[in-house]
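Student: Given next are the chains, with one letter for each unit.
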Amino acid sequence: MKSFIKFSLAALLALCTASCDPSFWNEERRFSILQILQNNQPNTVYNKTMVTYGGLNYNYVYSYDTLYMNRTIKPGDTAQIYLKDIYSSRFTSVDTVTIHIELSDTQNFYQKFARTYISEKYQGVNDFIETIRF
Amino acid sequence: MFRKFSFLLLVSALSVGCNSAFRSSHTAIRITPPVAEYLSQQTVNVHNNSSNPIVRQVEIVQQTPDSFFQIQFTKLAGHSLILEIIDSAGRIRNVAIPQSQLKAFPFLLSTTTAPVLSSGIIATRNPNVRRSRTLTGFLAISSYAAAMGIDAIAYPIVKATSKNKLYAVPRSFVLRDLRQVYTFDTSNKKSVYRVIAPINREVTPYLDANFQKRYRLILGSSAGFGLVNEFYNSNADIGLKQTPWYAIEYNVQGSPNLRWGLHHTWSQHKDFQAGITSMQVAYVHNNPNNGRFIVGIGAGSGGFKRYTADNRVDSTRSYRNRMLGPDSMVIKTAAFIPNNKYFFLPISGFVKYEQELFKQINLNVGINVTQVTSYTDYSIQEALRTTESIAPGVTAARSHVYGFPTIERNKAKNLLVQFNFGINIQLNR
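From first to last, the protein sequence lines are chains A and B. Just so you know, the working numbering puts 134 at position 130 of the first sequence, and the rest follows in order with no gaps. Just so you know, the working numbering puts 311 at position 310 of the second sequence, and the rest follows in order with no gaps.
Hints in this document: simulated from the structure, not taken from any laboratory. Since we're looking at a predicted model, the values are computed, not measured. Any given hint might turn out to be false.
[Unchecked claim] Straight-line Cα separation of at most 20 angstroms, SDA-like style, residue types lysine to any residue; simulated pairs:
| id | chain 1 | residue 1 | chain 2 | residue 2 |
| --- | --- | --- | --- | --- |
| 1 | A | K125 | B | L385 |
| 2 | A | K116 | B | T388 |
| 3 | B | K333 | A | I133 |
| 4 | A | K125 | B | F337 |
| 5 | A | K116 | A | D131 |
| 6 | A | K116 | B | L385 |
| 7 | A | K125 | B | S400 |
| 8 | A | K52 | B | T407 |
| 9 | B | K242 | B | Y376 |
| 10 | A | K116 | B | T396 |
| 11 | B | K306 | B | F337 |
| 12 | B | K333 | A | K52 |
| 13 | B | K333 | A | T102 |
Generate coordinates for the entire structure from the input sequences, incorporating the hints supplied.
Tutor: Spelled out as structure tokens, the structure:
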């Protein structure tokens with residue numbers, strides 16, 4: 005009888021401890037952007053990208069940040085611009101990211117445009133994948 | 002309704018029918034009309050033939066269906082009792098009455114009701130939610146532990162308070178004639194009271210020559226093909242497939258017409274694996290040609306695991322109750338989640354015919370109908386897909402994946418009809 009009570013108490017303790025495991029709750033919000041630039045031009049394309057986004061910094065002051073990237077994309081190739089886990093950057097509460105793209109080659113091809121990505125705050129995940137063909 | 006009724010019937014049959022606490026407190030001996038007439042004119046008692054005998058009053062009751070009478074008294078423990086008949090002259094006739102010790106299993110909560118209830122609790126388990134897995138496991142173990150605790154208290158109490166109920170006079174023992182029973186003269190105190198125990202002349206596998214209970218162990222295996230009737234409404238293929246099923250079983254038969262035991266059946270397919278373990282009780286109708294017609298029901302615990310299923314993609318032009326433009330659509334991707342283990346509470350019924358092939362070896366054919374629940378889990382992810390021309394010669398195809406994936410649990414009830422063919426071995430104990 006004593007062994008049975010001991011076994012029951014040990015099982016109860018183990019189950020209570022297991023049920024308090026915090027890993028059950030650690031689903032985090034996510035905001036990421038993957039932009040794929042696909043070159044269908046006959047010539048090599050040069051890409052200039054400027055990414056701007058804003059949010060609250062660690063002093064709770066709204067600030068902007070700007071990233072610059074340059075790519076060389078051969079005919080038929082792709083290039084990727086990947087902004088991973090924007091919520092985990094140096095800003096919090098980022099809701100809008102704008103990417104200004106400038107494409108040109110040594111011949112006559114030249115395009116300049118902006119793409120905007122807005123995260124929906126009530127959604128836990130906002131993952132954008134965009135393929136831009138030119 | 003039928004499912005609930007079957008469940009209650011089975012639980013009652015398993016937990017109450019074989020428990021000494023619920024057994025009759027009276028036993029009876031069948032007697033012929035002349036013996037009844039004689040006994041009605043004498044003083045009749047029953048005692049347990051010990052140094053401090055416990056004496057019971059005897060009552061004569063008329064039994065109408067077969068014109069026999071019976072004497073009835075409150076049960077007494079012991080393999081043999083003495084029927085003491087005292088005539089008007091004070092002379093005594095002592096008749097040995099054989100008693101059988103009743104043997105039956107199961108008779109505890111932890112071996113009958115608790116496994117079925119624990120199965121019911123664990124059937125609510127959602128394998129996708131860790132807290133559900135933990136909670137159902139905890140509740141199932143707790144309820145089983147509680148049943149064991151109740152048994153640990155109840156069993157000694159029932160054993161102590163109902164020890165007389167464990168014994169009964171076999172129905173095949175009949176007092177037909179008292180003329181051959183020697184009469185003792187009580188005035189001669191030196192005479193030795195010697196009572197000859199009766200011998201059972203109709204020995205059966207369930208009652209030996211000394212009127213003691215015997216039982217049969219029946220070990221069987223069978224295989225068959227399961228036809229499936231599915232009850233679900235879904236665009237996913239979530240039911241069971243028609244597959245071979247295999248079974249092994251263990252039964253105990255302590256009387257000509259009742260059999261109970263454990264039955265395990267399983268099916269292994271490349272898409273899924275299912276197994277059902279049931280406690281079962283059955284009525285046995287014996288034919289003169291060593292054949293038996295058996296009808297029974299069972300309940301227990303079933304497990305189901307799906308290995309493979311098709312993924313699927315659905316699309317719609319409606320997004321939050323608004324119609325999207327021609328360049329947009331919502332894509333709903335359903336990715337199958339493999340190897341989730343589910344439990345369910347199966348109810349089954351069976352009919353089979355058993356024919357003795359050789360001594361102690363039987364062939365059987367039958368139909369087993371079981372309710373099997375199958376599950377298919379999908380991880381659902383929605384995305385808004387748009388295509389647009391953003392500059393001359395430049396197009397953008399955007400996919401916005403929003404929200405955490407959700408789990409879609411598809412549950413299908415299948416009525417599995419198994420046509421079985423098998424063999425079993427019976428051992429007399």
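Student: Would you mind marking each hint as holding or not holding in the structure?
Tutor: Results of checking the hints against the structure:
At roughly 16 angstroms between alpha-carbon atoms, A:K125 and B:L385 fall within 20 angstroms of each other, so this suggested pair holds. At roughly 18 angstroms between alpha-carbon atoms, A:K116 and B:T388 fall within 20 angstroms of each other, so this suggested pair holds. For the hint pairing B:K333 with A:I133, the CA-to-CA distance comes to about 15 angstroms; that is within 20 angstroms, so the pair holds. Our distance criterion of 20 angstroms between C-alpha atoms is broken by A:K125 and B:F337, whose separation comes to about 28 angstroms.
Straight-line distance between C-alpha atoms of A:K116 and A:D131 comes to about 24 angstroms, which puts the hinted pair past the 20 angstroms bound. Distance restraint check for A:K116 and B:L385: the Cα-Cα separation of roughly 25 angstroms exceeds the 20 angstroms cut-off, and the hinted pair is therefore not satisfied. A hinted pair counts as satisfied when its Cα atoms are at most 20 angstroms apart, and A:K125 with B:S400 qualifies at roughly 17 angstroms. Between A:K52 and B:T407, the direct Cα distance comes to roughly 38 angstroms. Violation of the 20 angstroms bound is thereby established for this hinted pair.
A C-alpha spacing of about 12 angstroms is found between B:K242 and B:Y376, which places the hinted pair at or below 20 angstroms, so the restraint holds. A C-alpha spacing of about 13 angstroms is found between A:K116 and B:T396, which places the hinted pair at or below 20 angstroms, so the restraint holds. Taking the CA atoms of B:K306 and B:F337, the gap is near 13 angstroms; set against the 20 angstroms cutoff, the hint holds. Our distance criterion of 20 angstroms between C-alpha atoms is broken by B:K333 and A:K52, whose separation comes to about 34 angstroms.
Using a Cα cut-off of 20 angstroms, the hinted pair B:K333 and A:T102 is violated, with the two alpha carbons roughly 27 angstroms apart.
Hints 4, 5, 6, 8, 12, 13, counting from the list given before, are not met by this structure.
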